Every structure is written in structure tokens, then in C-alpha cells.
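> Please work from the sequences and hints to get the whole structure.
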Amino acid sequence: MPLRLASGVAAVLLLLFLPACSAPDSMTTTSPNGSLTIGVELRGGQPHYHVGAEGDTLVAASPLGFAFEDAPPLRDGLEVTETTQRTVDTTWTPVWGTQDTVRNHFSERTIRLRETDGPERRLDLVLRAYDDGVAFRYRWPDQDGLDSLRIASEDTYFRLTADHTAWWIPDDYDNYEWVYRKTPLSAIRDSAAAISYNAYLEETNGGRSETSSKENHPGTVNPPLTLRSPDETHYLALHEAALTDYSSMTLRADPETPTTLHTNLVPWPDGVKVKATVPHQTPWRVIQVADRPGGLIESHILQNLNEPSKIEDPSWIEPMTYVGIWWGMHIDKYSWGRNGVHGATTERTKRYMDFAAEHDIDGVLVEGWNLGWETWLGGDEFNFTESYPDFDLQEVVDYGEERGVALVGHHETGGDIPAYERQLDDAFALYDSVGVPAVKTGYAGPIRPEGVHHHGQQMVNHYRRVVKTAAEHEIVLDVHEPVMGTGIERTWPNMMTREGVRGMEYNAWAEPSPPSHTVTLPFTRMLAGPLDYTPGVFNLTPEETMPDHRVLTTLSKQLANMVVLYSPVQMAADLVENYEGEEAVAFIERVPADWAESHVLNARIGEHISIARQAAEGEAWYIGTTTNEEARTVEVPLDVLDDGQTYVAHVFEDAPDADYRENPHAYRIRRGLVTASDTIEADLARGGGQAVILEPATEGQQEEYDALE
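Convert by adding 4 to the 1-based position in the sequence shown; the result is the number in my numbering.
Take these hints with a grain of salt, some might be off.
Unchecked claim - Derived pair list, reagent style DSS-like, types lysine-lysine, alpha-carbon separation capped at 30 Å:
| id | residue 1 | residue 2 |
| --- | --- | --- |
| 1 | 279 | 314 |
| 2 | 472 | 314 |
| 3 | 337 | 354 |
| 4 | 279 | 472 |
Said to hold, decoys possible - Here are the computed distance ranges between Cβ atoms for each label pair:
| id | residue 1 | residue 2 | range |
| --- | --- | --- | --- |
| 5 | 167 | 623 | 55 to 63 Å |
| 6 | 259 | 80 | 19 to 27 Å |
| 7 | 436 | 584 | 53 to 61 Å |
| 8 | 676 | 314 | 30 to 38 Å |
| 9 | 85 | 151 | 16 to 24 Å |
| 10 | 317 | 545 | 44 to 52 Å |
Think of the hints as simulated: they come from the structure by calculation, not from any bench.
None of these values were measured; they are calculated from a predicted model.
Built from N, CA and C at the ideal position, the CB exists for glycine as well.
The structure is reproduced here in C-alpha cells:
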């Protein structure tokens, strides 16, 4: 896979300073193409912002400000002392991603505020307008008399002007593992209040949760929150970017105005939301805007709002596909510890490495290799440097290296942060010394010390410490039970993927996720960044957990999801024996994990989606098309292909009699010639999918194949 080196090329930079004496009451900045505006005005000394799109008001004047534990609020009695304006147009090259270059083009206005009375505290508002969204953040500059902050609440409001259709999950400060709900925006207040998290677990998960969350918070949702306007002309997503040394933002429905939301930060155990020193700044508050659902997916606004890479030489960071000793534990075939059939043995790992080498798969994940699993969640800590007697870490690493297969390591903390941090340096030093390039971390359990939340400031800082420690040892990360992505992978590209979703494992031991789930995720959770959903299961009705549990897709949809659900560390999750003898494994052998170009060809949120991706110019294109519970025919245009070039289409698709409930394993493969002017017809079964490889045809192939029928 080609290596990309981070870089930036500045095109335009304009600064305009406005003196304090001429600061206007309303200060606005406009996106480069003129379609979006974001502005601030003072109303009685309190700043309010507003957002418009091509003459429509998307967010009406909404208050901004803070309350503090140990100081008066900072939200009114303010005056403008100065504004600055700049326009930036740069391009940068991601180390990995869905595009090989990203344009960062925005206009920015900084508004400097000061209290007119009292301590005359100063606060800056920074506004940015992109063609694909707007963003703003608060910044406390260095100033006399203010050296620390204890934030009781961030009083940022989003006064949306329509009762949009909303896709959302409830918030409980520890867990993102829900099926997304589709309701009117105004229903969030009542719908979320009606959810009892414990009742939800009993109903859908048999009482089991990977994060053991306590409760949800009525009327509050986790971003990204995705919205569609009533006339379907605007698609919005509310989220945050560049979350650093701050608590995660959730969104609470206003009790009086149900289309108004306001920030609700995840607290420390003592109730304080954020503890910081000055100077300090908040994450960006982001409103993505698009005129079609695919535009939300194609946006890079979150990454653009983050700082450039801090890793000077990223040549050791490589995307990969992998299989692993993981699914077998979830379907009760193996155990993590030695209180059953131990999965993580040297012998079994070598078998998986042999399979990976034979099928051009880059890595093998091994969970349950280290001591401590018998008492997981029981109080005793994991040992991150000592293996079980039947697993030889160095031996399996060497065995894989001989075959060109990497070992993907694993650190499950069970939420015991003090224990993990005590061992952190030694744990990564061990993996570094034996040659492990990637580690999956996990936080499946209530966070210790008691009262600390997965999504609070303490854990935000902990996750960042782990990312930095991994980088010191040239190790990339796949984080499970994480804080939601906010584009930080631009700054720390070894933070490659994360879970933060109701993933594949729930199908093994909980109420299976409906077919609409993975057709909704690209427009919701995936807007926050790469998603380790772990697709690629071929045995959709495993005997170990039948008849109560199964995967509610067809086999072809599992292939298509390896294109649709983007992750630069992408797992084919099934037991390797379930791939043997299946012709469809050819797709897994070939599908890349890194892309130079990506396009959403057509989509409707929660219903169907087609995404085309290309790994490098002149190479093959891959297209994934999936549907929800409804069978449908989708016309897939091929105008992303090069004009004048003929391609061989390898189409992996549902058989005519396929059905996610009655006949999920039925698929067929057809091949033929296509060009950019053609359209592929995707006949999708209920819960089905189509996965296509489009490779430039050689002269011999043009003679061998007929036009695709």
C-alpha cells in the first residue's frame, strides 16, 4: 500500500484587522463559495451566533457563554475590543484516509471580547466558514488575574429553525453502543426521556453491556447528530472537532423549545465539567452542511479543524486488513481466559497467520493472550507483559514475520485506568521489542476510579496519553470503548481507528442489529472518523449461538460493508475456517484499507448507499452498495471511471433467492466489461448488498469477457 507523507501547501492567506473603535455589532464570515455564513452579535452584552445557508437561516441567534464553579458567569456584560479576519486555502496530504489530498479552504473571523465591569476577563470567539460547514470555538487568552478555569457549564445553544428529521443515540457518558433512532428533532426531548438504559439492556442485550454504563440522561443525545430538513434541501450534522484537554460534548433538548439544543459536558466525579489552566480553548463546535446525504460523508471538515501531524516521519504507519482470534470468543467457541477452550494459543495463532499469508491479509489480532482474563471485571488487574503458558509472544511474532503477517496486539483494561497507566510504558515497550506494529485497546467495564466517565476530561486526557505513548514506540492504535472521534487522527495519525459503535459482536450475544443499522452508520457515527465495525462475517447463523442470535445481513452485504464502513485497520471478523472454500473470499483478499479517492454515488439515510473508492490513480475501483430491510434495485453509475478505459467488473452480489432471514448465504459472482458510461444494476435482497471490483482491463481480458449483463 502506498505511503503518504503529511504536508501542507499554502495558497492564500489574508489578514484584516479592525480597530476596537469600529467593531460592528454584527460580525459575520462567509464560506469561500458564498453559500454559508456564520456571525456573532451582542444582545445586551451577551454574544449570540447565527448560521445561514443561501439565504435560509439554519441556526437562529443562539446564546454563548459559561458558568463557573468558583467565579461569576461569563456570558453577558461583554464588549468587542477587536476583530481579525483571514482566509486560508491550503492542501495537505493525509498519511492515510479516504482521499490522498485534502483541501483546507475557509474564512475565519476572531472576535475579542472583554467584560465591561468586574475583573474584565477576556474571551475570544473564533468563527470559521467552509463550503461544507461552519465551526466556532471559545479561546481564553493569557491574561492577568485569570490563571485557571473550573467550568460548571458551557452554555452554547443551537436554536435550529425547523423540526428536522433526526438520527440519534441517547447519551449516558460512557457508551455509544446503541442502534440509531430516527425521529423528528422535537421528539428527542420526550423519546430520550422515556429510555431506561437498564431496561434497554434487558430488552436487547440480555442485560449485558461492554461498558457497564449506569443510566442515560433524559433528552440528551451523543453527537454526531444528523439532521435532514423538512424539504430535504439541507443535511446537517452537529459534532465537535479537536477535542483536547476538555470534556466531551453531549446535546440536550431544551425543555421549552424542542428544536433547540444546548451543550451538556460530561462531568468529573465532583460535578465540575472542565478543569484547565489559562490560556485554554474549547473544541470546535461544528455544523456540517450539505445538499445531499453523501456530502456529509465526503466532508473533511473535522480533520481540517485539527492541527497538522505531530509525527515528523510517519513511514511506519501503514493501513492493514486483518483477521483475528476474536469472533470465536463472542460466539462462545473459545474463551479469553483459561476457564474454557482458550482461544489465544500459539498453535491457533500460527494457523491464522498461515491463512492470512495465503490470502494476502496483513495481520492477525490475538485477544486473550495475557494473564488476568479469569477475573475480568472482578477486581483483579490485567498483566500486560505476561503471557499465558500456551501462548509464546515472540514465537508467533517471528512466525508471522517470516510469512509477511503482522501480529496485532491487544490491551483490554476492563476500565481499570490506574492499573493500565502503571503498566503502560512497559506494555508498549514489550510490543516494540518483539515487533508488534499495531495494538487494539479496550475499556470494557466501568471506569476506575469510581465516578470517572469514559467520555469525561480525565479519560480524554488518558486516551491521548496512550496515543502519544504508542507513537513513541511506533505503534498504531485501534481503540474500543473510546471517546468519539473528533478528527484528531490528522494530528496523531497513529490513532487509526476506533469502535464507539454498536458493532458486530452484539449480533453474537444480544438482539441482532437491524439491517438498517449499517446503512445508517455512514451518515452518523462514521462522520466522526474511521469505524472499526468488524464486518466480513460469512457464517451468519453460527451454531454456537443459534437460534437466538444471528447476523441480519446477506453474505454479499458483509463484503460490501468492507467498502462502505471505512477503517484503515479493517477486520474480516469471522473464524478463518468459515472462509475456506468460499469463492467470495477473493474480495477480502483484494480489498484495500487505504484510499486515494472516495465518492458517494447515491444514498438515502438508513435505506441504501453506494460508495466507490480507489486505492491509487490508475488502479482498481471498489464499490459497495447496501440496503436495509427492503429489497430494492439500485442503479450504480460508473462515471467515476476514467473515460476511454475499459474495465473488468467482478460483481459479488445476492443470488436471486437470497434473503437476510431465509437464505442469507446465497450469492453469485458475475464478470464482464464496463466503461464510465455504463451503469451497474444492483439487485439487492432484503438486508443485502453488492460488492464490485472494477480493474482496468488488459487486452487479453477484453478478448476474454463480454460486456457485463
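> Against the earlier hints, flag every one the structure doesn't satisfy and list their numbers going up.
5, 7 and 8
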